[in-house]
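Heads up: the protein sequence lines correspond to chains A and B, in order. The numbering used here numbers the first residue of the first sequence as 16 and each following residue consecutively. The numbering used here numbers the first residue of the second sequence as -8 and each following residue consecutively.
Derived from the structure by calculation, the hints contain no laboratory data. All C-beta atoms, glycine included, are put in the ideal place defined by N, C-alpha and C. A couple of the hints might just be wrong.
As the list claims (entries may be wrong) - What follows is a list of derived Cβ distance ranges for each label pair:
id : chain 1 : residue 1 : chain 2 : residue 2 : range
1  : B       : Gln127    : A       : Arg208    : 19 to 29 angstroms
2  : A       : Arg177    : B       : Ser102    : 41 to 51 angstroms
3  : B       : Arg99     : A       : Ala159    : 54 to 64 angstroms
4  : B       : Val111    : A       : Leu207    : 42 to 52 angstroms
5  : B       : Gln127    : A       : Asp186    : 30 to 40 angstroms
6  : A       : Arg162    : B       : Ile19     : 21 to 31 angstroms
7  : B       : Phe69     : A       : Arg102    : 46 to 56 angstroms
8  : B       : Ser102    : A       : Ala213    : 36 to 46 angstroms
9  : A       : Ser152    : B       : Ile19     : 42 to 52 angstroms
10 : A       : Ala127    : B       : Glu109    : 16 to 26 angstroms
11 : A       : Ser214    : B       : Glu130    : 51 to 61 angstroms
12 : A       : Pro212    : B       : Arg99     : 43 to 53 angstroms
13 : A       : Glu174    : B       : Arg158    : 34 to 44 angstroms
Okay, here's what each chain looks like letter by letter:
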Amino acid sequence: MKRFDCLKALASEVKDALVVTSAGAATLEWNALRPTDGNFRVRTLGLCSSIALGMALGLPHRKVIALDGDGSLLMNLCSLPTIARMRPRNLIHIVFDNQVYEASGCGETATAGDADLVAVAAAAGIKRALWANSVESFAQAVSAALRDDQLTFIGAKVETSRAEVPPYRMDEVENKYRFIRHIETTEGIEILRTGLPASYR
Amino acid sequence: MTEHQAAQELLAGLKEAGINLVASLPDINLAELLRALSHDGEFTHVPLCREEEGIGVCAGAYLVGKKCAAVMQNGGFFNSNNAIVSTLLQYQIPLLLLIYYAGDIGDRTFSTSGSMTEPVLSALGIRYYILRQPEQAKEIIKRAQILTEDAKRPVALLLTKEVLGRRPSLGAL
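Isolated chain A, as found in the complex:
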């Protein structure tokens, strides 16, 4: 199974969901498939699931999808019991498990051994945690998660391969501003406020 094929299936399902992508090639592939300002790229390995949790808690009526990797989640396994404890109904945590640190020279991660991230998620208390073994079952799992409004963890074993997609164009600060402006526009709220000069008060 290829990550890019899963992402294609995902792109046709997600509508206006906010999507947080882990450091690595998944960011480029996802932004090629769904280029909107509702995408946020994470640069700290491990933090993808935690940033998505914060968004899900902050906007409980909006779907939030974390596109995590095995290396990333292994670095922040403790986010799983925290997510289970907070149980945001609007969060879908997807892990593309290629069993290597793809962006760091393809050394094996612990999932190349016996570590099973879906079992870990289930044991951490996430009630709906499943492996998707084909693109079709992946699409079904995503569709069910979006429909049922239930915290869901989906693991997908994928090949180590990268799709030919354009490079990512934004730096971190531009990504932040565009994402916040996207939230302001789509939610009708004000997040950023700039101070007026003293003479205006």
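Position chain B against the provided structure of chain A, taking the given hints into account.
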């Protein structure tokens, strides 16, 4: 001021600063504050397993419009450094850090952590203020929140035993 009253002052400061989401990990000296926080309906309280994930939770919540604070011991601040650097500082995201100052003057434990706390904050370019007077806590929290929003960088408040009502206050040190 008792520990309970001190916690109420800090809580009032967080409310007046507009904070509505708090991520935390306990220290015995923060216990009363965290108890008060978790029972207060005005905050979304996220109990953490490790402090670094809390930096992510607060960053994510900020991006969708929440005002956040992270409460931890200085050991947890050390745990959080990669996230502080490569998420908060790299993306210019504000965050109020309330850090219990273990190894402060007069403590019999954690002197190594205490001696490294201010140098590491300085090295990261994080402005910090040491809170010793419970009576000043509320106002300083409000001002610190304005500063972090304006600077778009984290700002740290070091919570001493004095400001937490765990040791008599002596005034400025």
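Hint check results:
1. One distance hint, 19 to 29 angstroms for the beta-carbon pair Gln127/B and Arg208/A, holds here, with the actual separation near 26 angstroms.
2. Our hint of 41 to 51 angstroms for Arg177/A and Ser102/B holds, since their Cβ atoms are close to 49 angstroms apart.
3. Between Arg99/B and Ala159/A the beta carbons are some 56 angstroms apart, a value that agrees with the proposed interval 54 to 64 angstroms.
4. Range check, Val111/B to Leu207/A: Cβ separation about 29 angstroms, and the 42 to 52 angstroms hint is violated.
5. A beta carbon spacing of about 39 angstroms between Gln127/B and Asp186/A agrees with the range 30 to 40 angstroms that was offered as a hint.
6. Between Arg162/A and Ile19/B the Cβ separation comes to about 45 angstroms, which falls outside the hinted range of 21 to 31 angstroms.
7. For Phe69/B paired with Arg102/A, a C-beta distance near 30 angstroms fails the hint of 46 to 56 angstroms.
8. Our hint of 36 to 46 angstroms for Ser102/B and Ala213/A holds, since their Cβ atoms are close to 44 angstroms apart.
9. At roughly 48 angstroms, the beta-carbon separation of Ser152/A and Ile19/B lies within the given 42 to 52 angstroms, and the hint holds.
10. Here the CB-CB span from Ala127/A to Glu109/B is close to 42 angstroms, at odds with the stated 16 to 26 angstroms.
11. The hint said 51 to 61 angstroms for the Cβ distance between Ser214/A and Glu130/B, and at roughly 25 angstroms that hint is violated.
12. For the pair Pro212/A and Arg99/B, the supplied restraint of 43 to 53 angstroms holds, since their beta-carbon distance comes to about 51 angstroms.
13. The supplied range of 34 to 44 angstroms is broken by Glu174/A and Arg158/B, whose beta-carbon atoms lie about 59 angstroms from each other.
In terms of the numbered hints stated before, the structure departs from hints 4, 6, 7, 10, 11 and 13, listed from lowest to highest.
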